[in-house]
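Undergrad: In order, the protein sequence lines correspond to chains A and B. For the first sequence, this note's numbering gives the first residue as 7, with consecutive numbering after it. For the second sequence, this note's numbering gives the first residue as -15, with consecutive numbering after it.
Don't read these hints as lab results, they were simulated from the structure. Mixed in with the good hints, there may be bad ones.
[Said to hold, decoys possible] Simulated crosslink set (BS3-like; lysine-lysine; CA at most 27 Å straight-line):
(1) A:K99 to B:K49
(2) B:K49 to B:K62
(3) A:K72 to B:K49
(4) A:K99 to A:K62
(5) A:K32 to B:K62
(6) A:K72 to B:K85
All values reported here derive from a predicted model rather than from experimental measurement.
Here is how the chains run, residue by residue.
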Amino acid sequence: MLTVSFHLRKYDLYRATLEEWTSILKIACTHDFPAVKDFTVRCLESCDIAIAQRIKLYRTFDVDAKYTIPWFVQLCLREEGPTDGETEIMGTKVSLIVYRARERLRSSLVAPNAGAPSPLSESAAIEAICSILGYNSPLSGPGSVSFI
Amino acid sequence: MPHSTNPETFNHVQRHSEYYIEGGDLFLLVCPWLSAISCANDAFLQVDNTFFRVHSYFLKRDSTKFREELEAAPEPGKKRKGSEESSAIQIRETTPDEFAKFLWVYYNRCNNSIFPLLHANCKLPS
Chain A
7 MLTVSFHLRK
17 YDLYRATLEE
27 WTSILKIACT
37 HDFPAVKDFT
47 VRCLESCDIA
57 IAQRIKLYRT
67 FDVDAKYTIP
77 WFVQLCLREE
87 GPTDGETEIM
97 GTKVSLIVYR
107 ARERLRSSLV
117 APNAGAPSPL
127 SESAAIEAIC
137 SILGYNSPLS
147 GPGSVSFI
Chain B
-15 MPHSTNPETF
-5 NHVQRHSEYY
5 IEGGDLFLLV
15 CPWLSAISCA
25 NDAFLQVDNT
35 FFRVHSYFLK
45 RDSTKFREEL
55 EAAPEPGKKR
65 KGSEESSAIQ
75 IRETTPDEFA
85 KFLWVYYNRC
95 NNSIFPLLHA
105 NCKLPS
């Protein structure tokens, strides 16, 4: 418990706007500061950012898959697909990744003579996204991406 | 990638109010514009160029690019890169405000001290 409090206090020292974190991330990437990049992304994880904007930001700065994939998974599991506004923010290429994963995920649930469709599973969404993005799934064994 | 600077073009630069730290051993020149040094209109383009003076320890520790740049042997008769204003390392296409915010990650103020994390071995929270 003490450790958690200390951890939170340390993070409390780091309060910045999205614009400021973005400029820190840009410099960390441009000048090769991987520790600062990772720290910045961990701080961004607790910021309130619209999902499409976050995915665009993470893709722009080539953020590690362990941070990026959970947000893709959210978009896949969500009932509604990306909105026009989200598609515009993410761009066609990234939006297509989401649409393809959503399609793959939902088509696998439709079985002939089946009754009510099964609920979407997070693990299936992770598998679909990892497969489309070319990552090893965290569910497929050692040496693969592990999520936070 | 950082670049070395030409000392003859530094007539209009300023020193950063917060991160020109007495005792810092690394001099950096932050240039918001891509070709700030090569453009003929120095008075206009250099108005926002700003010297920073910080501790090389963090930059060498956390950036391979900086480590290679700073540990490279100076050319004969020349100053070591970043060792003074005349050999400051250029940080291009970055505003002074952006670079100051980046340094804030290392020099985050706590109890009005500018060195809190430096004393705490400055490992970023994990």
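Undergrad: Now look at each hint and say whether the structure bears it out.
TA: Hint check:
no.	hint	in the structure
1	A:K99 to B:K49	violated (31 Å)
2	B:K49 to B:K62	holds (20 Å)
3	A:K72 to B:K49	holds (25 Å)
4	A:K99 to A:K62	holds (11 Å)
5	A:K32 to B:K62	violated (31 Å)
6	A:K72 to B:K85	holds (26 Å)
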